[in-house]
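All chains should be modelled from the sequences, with the hints used to inform the complete structure.
Quick mapping for you: the protein sequence lines, in order, are chains A and S.
The opening position of the first sequence corresponds to residue 1 in this note's numbering, with each subsequent residue numbered one higher.
The opening position of the second sequence corresponds to residue 1 in this note's numbering, with each subsequent residue numbered one higher.
Among these hints, one or two may not hold up.
Taking lysine-lysine and the DSS-like style, the derived pairs with C-alpha atoms no more than 27 Å apart in a straight line are [unchecked claim]: (1) K152/S <-> K272/A; (2) K272/A <-> K148/A; (3) K58/A <-> K174/S; (4) K113/A <-> K174/S; (5) K6/A <-> K73/A; (6) K25/S <-> K173/A; (7) K130/S <-> K272/A; (8) K73/A <-> K113/A; (9) K148/A <-> K6/A; (10) K73/A <-> K58/A; (11) K152/S <-> K130/S.
Hints in this document: simulated from the structure, not taken from any laboratory.
Everything numeric in this text was worked out from a predicted model, so none of it was measured.
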Amino acid sequence: MNPELKNYTYYPGCSLHSTGLEYGLSTRAVFSHLGLELTELPDWNCCGASSAHALNHKLAYALPARNIALAQKFGRDLVTPCAACFNRMKTTDYALRTNQAQRAEIESIVEFKYTGEIDIRPVLGVLYEDYQPDRIASQVRRPLRGLKVVTYYGCLLVRPPQVTQFDDPDDPKIMAELLQAIGSQVMNWSHATDCCGAGLSLSKSTIVQALVSRLISRAREAGADALVTACPLCQVNLEMRQTERPNMPSFYITELLGLAFGLPQARTWWNKHLVDPRPLLHFLGLAE
Amino acid sequence: MTNYLSSEVTRRSGQHVELCYHCHKCTAGCPVVAAMEYGPDGLLRMVLLDQADLILSSQDIWLCAGCLTCAVRCPNDIDIAAVMDSLRQIAVSESYQPGEPDALLFHRLFLGVVQRLGRSHEAAMLGLFKILSHVPLLNDMGAGLGLFLRGKVPLLPGRSGASAEVGDIFQRCK
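Rendered as structure tokens:
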């Protein structure tokens with residue numbers, strides 16, 4: 001048995017089977033390449049997303065709790081790539097950990113006993129803490145030289161900090177360190193944790209266009225040619241709602257890791273984007 | 001200084017609105033405040049003044065994007081996003097006409113799909129939203145088609161053994 005192999009339970013959530021398809025594909029490819037084994041949680045359910053907490057307080061905790069109940073049987077940390085799922089699961093885990101009355105209520109609705117033995121973790125956190133940037137750097141076959149990016153976390157990976165326990169909510173650093181390890185140039189900007197409005201994208205698209213266009217123009221001012229995200233809702237929203245031309249692509253962090261590692265699957269991810277990143281990659285000599 | 005609305009907000013959200021001293025940090029940082037009528041700290045004040053009809057029929061409670069910027073910046077640790085959730089829930093349970101009907105429609109369709117399938121299913125949800133909402137039918141057709149052609153909006157839902165148990169959880173959360 002490979003002593004380097006680490007095992008995790010994997011919660012893709014609804015987006016990684018649909019609009020965030022390439023986030024799921026690239027996450028699985030990169031983790032497998034690094035010897036981090038992901039086993040999909042059988043019979044997982046939707047976390048309830050914004051809609052559950054907007055309309056039904058109990059449901060907003062009960063839906064994620066069913067996934068935690070399933071995952072704790074396997075005793076491995078639960079890797080949750082989608083920032084929205086991560087936030088709902090982590091919020092529920094925090095309530096189960098810190099609020100006895102609410103824990104009793106959730107346990108009775110979901111019919112389980114909370115053990116608190118597994119941790120809910122975002123993809124960035126696992127790569128940074130369990131694999132670490134210097135070892136990521138040692139895997140690079142094709143450094144992403146010339147690729148100028150800004151990191152974009154959005155809201156739900158870092159807020160509220162007492163719940164998410166992840167990176168710095170005002171000036172996050174982890175994604176930049178991973179990107180520097182694979183040779184790309186991370187530009188400074190002040191908008192990494194500003195909201196892109198994804199939750200209102202369908203019902204109030206004009207408000208969201210203004211938010212996204214502001215982010216894109218600030219990224220351009222910072223000298224970036226692309227944004228890098230770790231949230232499937234942000235990624236689609238950033239590519240779909242920008243109004244300025246030329247369009248700016250938005251990569252998943254895992255796509256860029258896969259590209260830098262020289263994974264052959266990487267070429268199958270680019271055509272899933274609403275803003276085709278291939279002209280940029282070709283221009284920099286980073287894609288066939 | 002409690003009244004019906006503020007005690008109902010506290011009961012549902014665990015938050016104490018009376019701690020607000022109107023420093024406006026929440027409002028200054030809110031990404032959607034330009035589209036709001038009252039803004040976050042205005043709403044908190046109105047809760048304390050028991051202006052239920054104005055708040056519960058306002059657009060503002062449905063425009064909140066749930067980004068939690070306000071909750072993180074509040075010097076008195078009021079989770080204003082949780083207050084917004086509780087105001088939406090009160091508005092629905094007391095049958096107020098929603099200030100943003102499409103936002104409520106979206107949430108209801110989303111949860112309706114999850115209740116039946118255990119998971120979201122974009123094709124069903126987006127299709128119903130396009131037909132039932134006030135958003136012009138042809139808006140976003142290009143983006144929708146783009147996602148479909150990239151294989152990202154499967155027409156049939158994925159199979160999951162979760163649906164029966166999730167349906168039970170919905171019943172118990174009524």
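The hints, checked one at a time:
1. Of the pairs offered as hints, the one joining K152/S and K272/A holds, with about 8 Å between alpha carbons and a cut-off of 27 Å not exceeded.
2. For the hint linking K272/A to K148/A, the alpha-carbon distance of about 21 Å falls within 27 Å, and the restraint holds.
3. Taken as a hint, the K58/A and K174/S pair is honoured in the structure, with Cα atoms around 8 Å apart against an allowance of 27 Å.
4. Proximity of K113/A to K174/S is assessed by CA-CA distance (about 22 Å); at most 27 Å being required, the pair is judged to hold.
5. Taking the CA atoms of K6/A and K73/A, the gap is about 17 Å. The hint holds against a cut of 27 Å.
6. For the proposed pair K25/S and K173/A, the alpha carbon gap of about 24 Å is at most 27 Å, so the pair holds.
7. At roughly 23 Å between alpha-carbon atoms, K130/S and K272/A fall within 27 Å of each other, so this suggested pair holds.
8. Using a Cα cut-off of 27 Å, the hinted pair K73/A and K113/A holds, with the two alpha carbons roughly 11 Å apart.
9. Simply put, K148/A and K6/A have alpha-carbon atoms about 32 Å apart, too far for the 27 Å limit, and the pair is violated.
10. At most 27 Å may separate the alpha-carbon atoms for a hinted pair to count; K73/A and K58/A meet this at roughly 23 Å.
11. Of the pairs offered as hints, the one joining K152/S and K130/S holds, with about 18 Å between alpha carbons and a cut-off of 27 Å not exceeded.
The structure is inconsistent with hint 9 alone, although it conforms to all the rest.
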